[in-house]
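Novice: The residues making up each chain are set out below.
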Amino acid sequence: MSTPSQVVGDIPKNARQIAWIRRRRALKRSWRTFRGSPMGMIGLVILTIFALTAVFAPLLAARSGLSPVTAPGQPFQPPSGQYWFGTDHQGRSVLTLVIWGSRVSLAIGLIATLISVFIGSIVGILAGFFGGWRDVSLMRLTDWFLVIPFLPLVIVLASVMGGGVGGGGLGLTAFVIGITSWPSSARLVRSQTLTVKERPYVERARALGASNWHLITRHILPNVGPIIFANTILIVAIAILSETTLAFLGFGDPNAISWGRVLDEAFGNGAVIAGNWWWVIPPGVAVVLVVLAFTLIGYALDEILNPRLRRR
Amino acid sequence: MSLLSVRDLTVSYKLQSGEVPAVRGVNFDIEKGEVLGLAGESGCGKSTIASAILRLLPEGTKVGGEVLLENENILEMKPGKLRAVRWTEASIIFQGAMHALNPVKRIGDQIAEPILIHQQADEKEAMVRVGGLLEEVGLPQRRLRDYPHELSGGQKQRVMIAMALACNPSLVIADEPTTALDVMVQAQVLKLLKELQRDLGLAMLFITHDLSVLAEVSDRLAIMYAGRIVEQGPAEPVFTDPKHPYTRALAGAFPAIGDAQYRMKPSGLGGDPPDPQNIPSGCSFHPRCPVVVAECSDTDPILYPAGESRSAACLLVRQPAGASTTSEVPGD
Chain A
0 MSTPSQVVGD IPKNARQIAW IRRRRALKRS WRTFRGSPMG MIGLVILTIF
50 ALTAVFAPLL AARSGLSPVT APGQPFQPPS GQYWFGTDHQ GRSVLTLVIW
100 GSRVSLAIGL IATLISVFIG SIVGILAGFF GGWRDVSLMR LTDWFLVIPF
150 LPLVIVLASV MGGGVGGGGL GLTAFVIGIT SWPSSARLVR SQTLTVKERP
200 YVERARALGA SNWHLITRHI LPNVGPIIFA NTILIVAIAI LSETTLAFLG
250 FGDPNAISWG RVLDEAFGNG AVIAGNWWWV IPPGVAVVLV VLAFTLIGYA
300 LDEILNPRLR RR
Chain B
0 MSLLSVRDLT VSYKLQSGEV PAVRGVNFDI EKGEVLGLAG ESGCGKSTIA
50 SAILRLLPEG TKVGGEVLLE NENILEMKPG KLRAVRWTEA SIIFQGAMHA
100 LNPVKRIGDQ IAEPILIHQQ ADEKEAMVRV GGLLEEVGLP QRRLRDYPHE
150 LSGGQKQRVM IAMALACNPS LVIADEPTTA LDVMVQAQVL KLLKELQRDL
200 GLAMLFITHD LSVLAEVSDR LAIMYAGRIV EQGPAEPVFT DPKHPYTRAL
250 AGAFPAIGDA QYRMKPSGLG GDPPDPQNIP SGCSFHPRCP VVVAECSDTD
300 PILYPAGESR SAACLLVRQP AGASTTSEVP GD
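Quick mapping for you: the protein sequence lines, in order, are chains A and B. Note that numbering that gives the first Met the number 0 numbers the first sequence so that position 178 is 177, with each residue one more than the last. Note that numbering that gives the first Met the number 0 numbers the second sequence so that position 30 is 29, with each residue one more than the last.
Hints were generated in silico from the structure; no laboratory data involved. The reader is advised that the hints may include incorrect statements.
What the hints assert, rightly or not - Take a look, some chain A residues computed to stay more than 12 Å from chain B by CB distance:
#: 1; residue: 113
#: 2; residue: 225
#: 3; residue: 268
As the list claims (entries may be wrong) - Covered stretches of chain B, going by a simulated chain A footprint (3 or more residues, C-beta under 8 Å):
#: 4; region: 82 to 96
#: 5; region: 111 to 122
Claimed, not checked - Facing chain B, from chain A, some residues (calculated, C-beta under 8 Å):
#: 6; residue: 17
#: 7; residue: 23
#: 8; residue: 25
#: 9; residue: 197
#: 10; residue: 199
#: 11; residue: 203
#: 12; residue: 204
#: 13; residue: 205
#: 14; residue: 206
#: 15; residue: 207
#: 16; residue: 209
#: 17; residue: 210
#: 18; residue: 213
#: 19; residue: 221
#: 20; residue: 222
Every residue, glycine too, gets a C-beta built ideally from N, C-alpha and C.
Here chain B stands alone, though its shape is the one from the complex (with noise of 0.2 Å):
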């Protein structure tokens, strides 16, 4: 049984022009100690997964499917179930650490705080433990007493990651962590994190819109688009040798540093998203599709099976006879 599963998952946020479906249907499974990166352009639906797996998405807003975190369904908890489960279970890394850190407590109070709430320990306790995390994160003890406006960027990363492991949760969602870093300390704070991931065995769902990243620190890789997932499989074979032609996309606008062939290639991909209030009929890709062929404007496409424990949502990956009835992910 998987750590984390989400069924058929859908999120549509209110808005006062109407419902706006986020994410449509997403289907993935994190075993133990397996890190699942999930990539996608800007409203894709990605942070939207995330803040949905923990129930903390604003009022008002429709979800629907199951998230099941060891088997049970967080959509469905009562709220004081719920609250036991965040951190516990499941924790968060924030996009944009420096905004997550309530500026007038100290780093070591807020690290702190998970572990008063859910009364792992009291506050001297805490506190010692508090210490431990902050050199597991390399950073000195002595900044716990700090204020977050003493501290660097990539040194507010480092506390959210402390705050993210307090309570050992079995799951860490990574939401965009190194976004906002400059290139060095965003590479020094993806090795912490594979490390830490590596030593304490933690399951990951990585969030990032910069493939490059997710292909060192993932096992397996959910590429998305417009609310969907439109390709998944290992990460290493996705990214060198993408199904999709999303992904093809997404893969070719990463340079290869030093290889000359590349200096001109860097190729984008035209177009803008999809107004997700109005989504293409048939792939939603294929407006912006340069393989696209007749068919893709009126049939919308499921997750085939492309490979070894590999699908994509593309007409051009389903096989031509009897596979194309498939409608679960294979391999899982």
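Just chain A, with the same shape it has in the complex (with noise of 0.2 Å):
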């Protein structure tokens, strides 16, 4: 080989300028076209809005607002100027549980889609690398998880593993609704492996001697990961959703205020009958909302990631 020690000696510090511009160029490219998507704009503007008041609740409403002991206000007000939304039965301000609640049901939202989509993306990966009756064995694991009811399996899921999870509470709820909504995930990265792992360079790469360890993490990973990564998005939604049903139905954390949490006390307070709409409407609206912004920055991203879907 020529000596190419003098010239290569100077690229790491050229390469990581160009690697910078090139990754700072590539991000403005997905941004132009996001924000060529309305729909992704709204979502976006929808999810920050969210994003800071959860982040921000202690600034937004004191704390102590939460307990029924503290509780500032008298019982059933409707909205005035000092409650916007009125208060519930203990005189708590709707508006500061609906705050406090955005905490808990984003971040059990989040964290149950991150356990979701890492075991669908595992299950994915290995059925379609590997094939065969590993394959036949996952989906068909998979297929039991998708046919079994949903809610019947997290409310079971729920109140036994309540007893034998150390701690429960929002941990467990995460993990539960984790545990049952990978399946679609599974499938979907299961299909892209497929089509993934039969490129050429795959082949090229096994003829190189790459172990299959190698060839999942080099070369299918990063192509299946833009998927992945759309499909996160969407999965936030569902597992937001299905936190607002479980702490609804009352299996959530009892320590823990979430939107379903107000809306199951609001029921079971008879908010519906005794017409306190000021008590279910503002929780509704703020799952409805969040889920929206989700969906609406999946598909977004959808676009993006996903040429061929791009209007030209």
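Take each chain as given, in its own frame, and dock them per the hints.
Specialist: As structure tokens, then:
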């Protein structure tokens, strides 16, 4: 070989700069496409508002407002200048509850999604990559989770594991949602893996002497990654909805205020019959908006990451 | 002892409709530094042989015989040993370079892949070697930061060649390295391959359907038809004076540019290659053979000696007395 050392010697420094310039440019390009999608922008704005609310909850509403003991107002107050969304049966401000509830709902949604996508990606890649009996058994397991009615499964898991898993609480809720919502990602990832593993560069890498681990981490994963990412965003919406459902049915953490929990209490205390609309609508709208935001962003991202969907 | 020696290689693919014999008993040897050209129509089993040598065939494919690389049978190697042999002793230049590169990874990283897999160097050293390799195949070093879509077809093929050389193999299998390239680029790539082969003393198995390409680069030629070698010998005489009617048809299909006589001459070969699931009795070539005789339809010819270190599987080549019992390829 010729003497490349002096030429190559200064590449790393340049290379890092070049890489950063490239990365920035790619990011800018994606951002521009994203901005071009009105749906995605609406979703992003809604989500940003809720994320900021969750992060700055202590600044927006005092934590003491969550306790029935230190609740500031009278029970069942309709909206007023002081309590924008009125008060609940214990005199707590519904606005305070919704603000603090955003923390729990978003956190559980994200954690459950991570668990779900993690399991789904592993199952999907293993099934798609290895094929044969491993594919069949993993996919039948996936089908099993897919076919079993989601809600009863989650309820059973939540109540059975409530005693066993230490602490229970929020972690448990996230875990239960996570391990029941992965089948759709698994199928998606499997189908993508099936097409990627047949590409010639995978055969080439195998001819290089690459191990299965190498093939999966270096060739399959980078090509399946974007799909996993777009799917993740959509799963968050489902996870938040599931958390709300669980909490509404009384299987959430009894110590944490989430939107589902507020709805549950409102329902349990006859808010609907008594016409206390201000107690039901704010948490309900919050759930709908956040789920909508994630779905909109998910579709917009799908369009960016999957050029075939892009409008020309 | 030959570097690579293939003995009685048989490969059958498993389809739903049954087994399909793609390679039916192939023997050949490649010496160190020698280029063997393997030619034949689409579907005659050329690429199957290439894949069989490194055991890259799909699962469930039946492979028989022996593939001895430096005296070790690749077909019986344990997976770990097999992975270690892949690329360090024999590498492949794949057909269709455009698809053999991962679109989401830089070409430098991809060329470095075999070096890192076989732990021949650390990452920094590997990149230095990749830079050198790129220059060897006529690309500037800075291109190692490029993605495959930033290269032309010819450049991608050069990258594939660089990758094939990354671990200093003693054997390179070039599986139609010039298909999908235009003629000018083809010529450049061929020239590069020939030069590298000579400079590095590489042994090569060069697979193509383009006889004129083979005559240029190879020392010896083997012509395949329906999963068997029907003629082999030194490149020049096989091309200019074919003994097997199939080789004659192949060679006759190329016009000689500038020779007025050839204007109307390029002659094809009638008919289609046989269905591998339904190979004709006797000589598999007899339904298309222009010089067929009655015996062809029930006698399956083996490779008969046909001149100096040459052989051909044709009853017309068979010497009338005694010699017809020779079953092995002479001259090896």
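Novice: Go through the hint on residue 222 of chain A and say holds or violated, using the shortest Cβ distance to chain B against 8 Å.
Specialist: With a closest approach of 6 Å, the residue 222 of chain A hint holds.
Novice: For the hint on residue 199 of chain A, just tell me whether its beta-carbon gets within less than 8 Å of chain B.
Specialist: Since chain B brings a Cβ to about 4 Å from residue 199 of chain A, closer than 8 Å, the hint holds.
Novice: Close enough to count: is the Cβ of residue 221 of chain A nearer than 8 Å to one in chain B?
Specialist: holds (5 Å)
Novice: Three residues or more, CB to CB closer than 8 Å: is that satisfied between the region 111 to 122 of chain B and chain A?
Specialist: Check passed, 4 qualifying residues.
Novice: Restraint: residue 205 of chain A near chain B, CB-CB cut 8 Å. Satisfied or not?
Specialist: Result: holds, 6 Å to nearest chain B Cβ.
Novice: When the nearest CB of chain B is found for residue 213 of chain A, is that gap smaller than 8 Å?
Specialist: holds (6 Å)
Novice: Under 8 Å is the threshold here; is the Cβ of residue 23 of chain A close enough to any Cβ of chain B for the hint to stand?
Specialist: Hint violated; residue 23 of chain A Cβ to chain B Cβ min 15 Å, cut 8 Å.
Novice: May I ask you to check that residue 113 of chain A keeps its beta-carbon over 12 Å from the closest beta-carbon of chain B?
Specialist: holds (23 Å)
Novice: Return the status of the interface hint for residue 209 of chain A: holds when the least beta-carbon distance to chain B is below 8 Å, violated otherwise.
Specialist: Hint holds; residue 209 of chain A Cβ to chain B Cβ min 6 Å, cut 8 Å.
Novice: Would you settle whether the hint for residue 210 of chain A is holds or violated, based on the nearest Cβ-Cβ distance to chain B being less than 8 Å?
Specialist: It holds, given that the least Cβ distance between residue 210 of chain A and chain B is near 7 Å, below 8 Å.
Novice: The hint names residue 203 of chain A as touching chain B; please verify it with the least Cβ-Cβ distance against 8 Å.
Specialist: holds (4 Å)
Novice: A closest beta-carbon separation below 8 Å is what the hint needs, so does residue 207 of chain A meet it against chain B?
Specialist: holds (4 Å)
Of the numbered hints stated above, those contradicted by the structure are hints 2, 7, 8 and 9, listed in ascending order.
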